[in-house]
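S.K.: Chains as they are written, first to last, in our numbering: chain A, 10 to 1072; chain B, 195 to 727.
Hints are computed from structural coordinates only; laboratory data are not their basis. Backbone N, C-alpha and C define an ideal beta-carbon position, used for all residues, glycine too. Check the hints yourself; a few may be wrong.
[To be verified] Footprint (simulated), chain A over chain B, 3 or more residues, beta carbon under 8 Å: (1) 281 to 291; (2) 344 to 357; (3) 394 to 404; (4) 464 to 471; (5) 587 to 601; (6) 627 to 634.
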Amino acid sequence: MLCVTQVFAQNRTITGTVKAKDDGQPIPGATVKIKGSNTGTQTDGAGKFSISAGNGTVLVFSFVGYAPLELTVGSGNTVNAVLSPSSKQLTEVVVTSFGIQRQAASLGYSTTKVTGNDANLAKPVSVANGLTGKVSGLQINTINAGLFAPTRITLRGNRSLTGNNQPLIVVDGSVYYSDISTLNPEDIQSYDVLKGSSASAVYGSDASNGVIVITTKHGARKPSVTVSTTVDVENVSYMPKQQSQFGSNGGENFVDDFSKFGNFDASGNYIPYYLPYENQSYGPLFNGKLVPLGRPLPDGTIEMVPYAPVKNQKRDFLNTGYTTHYNFSYDAGDETGSIHMSAQDINSKAVMPGDVGRRDIFRIGGDKTYGIFSATYGATYTHLDKNTTNTGAVYDDLLESPLFVPIKDLKDPSSKYGNPDTYYNDYYYSPGQIIKSTRNLNAENDINANLALKLKPWKWLNLTYRASLDNIQSRNQQEFSGVTYSAFSKSNSEIWYPDPNGTGTIIKNPNDGAGTKYSATDALPSYGVQNFNNMLLTSDFLANFSTKLTKDFSFDATAGISYMDNKISWDNISQTALYFTPYNVQNFASTPSLTNFTDEARKLGYLGEATVGYKSFVFVHGSFRTDLDTRLSKANRYIPYYDIDGSVVLSELFKSITENGVLDFAKVRYAHSLTGNVSALAAGSQYIAYGAYQTMATYGLAGGFPYSSSGLGGYSLNPTIANPNIKPEKIREDEVGLDLGFLSDRITLGGSYYQSTTKDGIVYASVSRASGFSQALVNAANSENKGLELDLGGTIIKHGGLEWSMKVNWTHQTSKVNSIVSGVSALNVGNNSYAVVGYAYPQLEVYDWNRDPANGKVIVDANTGLPTRASKLSILGQTNPKDIVGITSNLKYKNFNFTMTWDYRAGHKVYVSDLGTTLDHSGTSITSVVAGRQRFVFPNSEYLNSAGQYVPNTNVEVEDGNFNFWPTLYQSVRANYVISAAAWKLREASISYNIPKKWLNEARFIKGATIGVSGRNLLMFVPSTNKFTDPEFANDTGNGVGTSGLGQLPPTRIISGTLSVTL
Amino acid sequence: MKMKKLTIFKRKGYIASLFATAMLIGTFGCKKGTFDINKTNPNSPTSVPPSYALAASLVGTANLMFASNSDQANNWMGYWTQSGGYTASTEYVQYQLTSGTGQGNWDNAFTNLSNYHAMLTNVGTAAPLANYRAIGMIMTAFVYQRIVDYYDKAPYIGALVPNNKFNYPYTDGGTIYKAITAKIDSAIAIIKANPTAASPGRSDIIFNQAGNADVATEMGLWVKFANTLKLKILMRQTEQSSGGSLGDAGVKAALAGYQTTDFLGIGEDATANPGYSSASNAQLNPMYWEVVADANGAPGYSEKYFRANALAVNFYQSHNDPRDAYFYYPNGQTPPVIRGRVYGSNNGTESNTLISAISAFGKDASGAYNGPTVSSPIIIAAESLFLQAEAAQRGYITDQAASALYNSAVSEAFRFVGVTNYSAAATTYTSQADPLTNFAASTNPIQTIITQKWAALNGIDPLESYSDYRRLGIPSVGVSIYLGNQAVHIPFRLPYPTSELNYNKANVPDGGTGIESLTSQIFWMPSNASTFR
């Protein structure tokens, strides 16, 4: 002991500077301590320190966010320390609701930040596509493969049975009503995905679904101009599986010999098995011989085609899509502010012939500071134009067409065999004819403007006033050009058949009962038009106080008022026949159905939030909001909503756990919130105006009234039982989480577990018709949601110029509907999806076979071997995935950058509806040939024997395995089209190359150039039961996910090339 | 230094307060009423005068009888079938019913009842509006009979009034029948007690289509309509005397004192017409739009799907009945003929060129097929006279002979569909040596009456024919010949709809699911109904 004392007795003054490794700047306020003692000091404003110490003394340098460093005092009088950042997680800033910035470490709820660049690597048209797979808890469904495909976004599943379940989109602090696809991905600085309803609690009665906070680019000090071009090439990647064995017959005659084209009956009459005008493929086997197709032409000729499948022709009917993206941006700035201006033009030709679209976005955004004043502003104008056909009708036509019909040649409706008169199919227009005659025109203009004025009179006070305007105007027009048939088509009843053995002889059957062309009825042109206008005005006033209460306690609080006014008007002139074109309402040939409405709602919210921090490691945050909502009665105004959350940064509290250099960051967090949701009043729309007047009983003009010939008026009851006392549904959510960083953030792991319960859920509950109404507006539903989210990130290799990092996220979610309304066991939530008491939300319900409840076997008739359709709907599985995995890989080597995003979803079902039924109806399905069109024993079936017992069916074959089974009975049992929706997808991959500066020496004005190749939806792996399509597709973006069909084009793969130059 | 700091503080404080005040005024400076904007609905009225409610409700009843709701009955009763151009329907030809089959007959019926109920509530007992009240009650009875005839048990007591639990217990068909019979009696009493009550005017689209009817005449016809409806209700119950059904003696007792003049008689068709026209699809006669054409003359929405059934066509043709050419259009062959398709036929070459299309309610006075403006039959005179003929044959009413009533009924049926010189044609028809046309030659008068009633109500009131079949097994309609069909007779009822199974499950009685529809009987059906073919 004495010896030691002696050593210390020889202390001298040691001085030095503490600097940060990342930026080389001095660190003021860093702690310098003598190891094993309480003696210590702090660095000054220049990062300098002085301390008394002797040789061999170990100095410990530490600072928030940096790994502690130990240095031993040697012989000199100077010790300089360079601290490495320990974890970005301590210093990261997250933009939260109303644009409030908070330190990530202080948040009690889960967030994920995605940079604009990361989301834009594969040059998606919609920013939503760039986020897919990259954030745990975030599910983005791209519901079709059409132009500017809509998306459905959910964070942590669905909290409301019939209300809006999509998160709020907040752009630069203001609520954004326009579709997320109206944003230019190139304009985005970052996305902060705030997953829980704690994060959104300050939005009060419409706040339950989390928030995606989008921060746009506001320019940079260095002036630069960036020009880039991307060209996308899009091709169909996946077609429903079809059979290639059998050709045309629609049950006209019972086919007993599939090798023959027909037969003669006892009295010598020709019985055709092959029908040249038929859309169904329940006829003879293909044999490659020439057969007449369609009906004879007026000139006495007929199209002769080989009776053999044409490979890939349905895929080939669809075009290669091309999309060009032109981007321009200009950034500039000085000490007091900066500006970003941009323009984007996207011009798209879809895979559906004739479908074209164009989107133009212009934006200006920036900020400016004058002393204690500052202003942030942004304005965007988006114009979208689409011209599309009736996808469902074309796709149906295409899929039904027997495989030997050369349908890919019929894109041109004026072609010899593709016009209405000559098209082979008696029942439909040719696909080219539909494309030409049916056009949907959609033009949309979105204007979004945002201005925030800030005043910072003192360091501790920040006043913000923000006003924003979001205007959506759209005009939709439906045009049908009409179809006129020739007199010949209307009168000709002659059909030419091949002879029974297909020797090439044609049997002309002038009048065999098939009659004239079935579809040969002229149709008038028609036209309809809708105009929609949605105006959202918001203004917020926020006062932010930020101060240190004592040396160790910090206090940060915001109080504010938020006002919202939403007005919607809609005018509809429904599609009505015209005498002739032009498409104009003046030319209507009959009285159109007219509808128009205006809706308006307002909200005034009082809000506050505060964070108290103890040192750098304990944070408690709370927020509060109450609303005056015009949609609700006076009694239901000012309902309080709140959030309370907190975090403890264990790695700062117990510094010692980081000392072994493995763990450098650890945080535990907890959040609890109570939020509301009134959007069920608006039938799930986020637009508050749609929720106006919903609580009143009303009458509506009854169908047909007023009768123009008599002037008689008539009104009938609104079928909803009114409820003036409706109150917001209440969502309680609890969340716990852990965030860890290892090896200087080389590995990060974040985990969250959440559970939410929804009480007083607002439902337009379908009720017994005996009530006199079809639905009742009630606060009655209860449901719950639970989930686990894990995010693992790591740098696998970091060596020389090579860096390979990966991020994996996994989301596991479960849900349960606890009750709907007394006595009500199921509630349709859109398409074929139902909220079913006791089951996960939502469930598919369609008709299944009659099954033995004991073993699930299909019950067949003991004599006919035929199963029967159940008379009640069966519950067939949930439509939201139980598990979602996202994997992102990023490989950098020198100037190369290679990224990939994979994702996997499983545990859910999809109903492919009319896509599935049309395949079996037409007999082009692969399913319909499993037994070679012969009789077969229905698999996994049983029958009731004469002793009254159910016995396994091993020998009773179905009465017919051809026309009287597949398109009729089998097709009518829709459970046959409910399949696993699991899929692995390579969502995107991109390779880019930054052209080295030295190559650009010749052109010094060029600051940088990048070329890249990327792809989207490159690969998809689905279970063998999915013979149909991308299981992510859906009819619409509503809550009733899990039903897709002919309205969705087949999935496509997109390959893009990009050249970007910065000047 | 100190002073300067203070100045800055003051100036900053001043600016800050000014900023805050301006923004607060901007945000809060709302006028009184800013947050009361949702008190008045700018889009829909919250109440309507009774005449608008009555007109819409009566149109609702006409739509309930037609506009797709009668498809099942028209098919099963041998009037219509599916076109050879379509894949066979499991519902029609295989009788594999689901809880979605015929759902409109339930859903639309209750919606219609609800509108009558709302009108009755609004009208109350006000004497000047007594006629609205009476018509509302009569039509409520009319719609309820349809519900019972399709579904047997149904919610009645406590129905049409929203309750907190949305729980609607079912009432036996027999009890409902009794209640609606009483309701008809009350309605008649109301009309008789309020002779000075005003006519509903043009909104009475059944007996005041021109809007200028004499109120006594108009309401006199409503009394006859009410009595005919009562007769319709009573005659259902002749074959079953237990389970709430009156049986032969009970019906006879209930009809004591009634004379043929109490019911709709010759020329007194109850048909609805709000002013049907070709102005738009929604303003067309609902059946015309379904099976004939739309407002622009293009095929109606089921024109290509439903075609003539060989059962009815063959009946008319084998009994020298001219009406095949009134109920159906000639086919597209040369020369055109009326041709039906055998029910459940699988022959796809039986195209629409070969099989006749369906016309809507016959022809007009000029001999042209009835067009888009034809009235919707509710209860036609012929139906009333056939009911009276059967009642007379059974000895329930005695002031006219069954044969006379029968001959009038056939003649009125010929008139309704527009047969040229209908009276003479009917006489010729009923004078054949054919026991199914000539009442005098009949060995089974009930069979002759009901067979002719079936022949008359083709597409007009297929539910009445369907009910007669389920009551008497007349005529023998058989079953579909579709391969694999296992049913031996047509279904006895419609299944309870999905809406009830999902939303009122605890109350739905047994016997009302799809497969049970083949066996589960309406309360008035005789116990031997399962032997009907």
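S.K.: Has the region 627 to 634 of chain B got at least three residues whose CB is nearer than 8 Å to a CB belonging to chain A?
M.R.: violated (count 0)
S.K.: Please check whether the region 281 to 291 of chain B has three or more residues whose CB lies within less than 8 Å of a CB on chain A.
M.R.: Holds, because 6 residues of the region 281 to 291 of chain B bring their Cβ atoms closer than 8 Å to Cβ atoms of chain A.
S.K.: Examine the region 464 to 471 of chain B for residues whose CB is less than 8 Å from any CB of chain A, and state whether their number is three or more.
M.R.: holds (count 4)
S.K.: At a Cβ distance under 8 Å, does chain A reach at least three residues of the region 344 to 357 of chain B?
M.R.: With 7 residues closer than 8 Å to chain A, the region 344 to 357 of chain B meets the three-residue bar; holds.
S.K.: When I compare C-beta atoms, does the region 394 to 404 of chain B have three or more residues closer than 8 Å to chain A?
M.R.: Satisfied; 3 residues make the cut.
S.K.: At a Cβ distance under 8 Å, does chain A reach at least three residues of the region 587 to 601 of chain B?
M.R.: Coverage by chain A is violated for the region 587 to 601 of chain B (0 residues, Cβ < 8 Å).
Consistency note: the structure conflicts with the earlier hints numbered 5 and 6.
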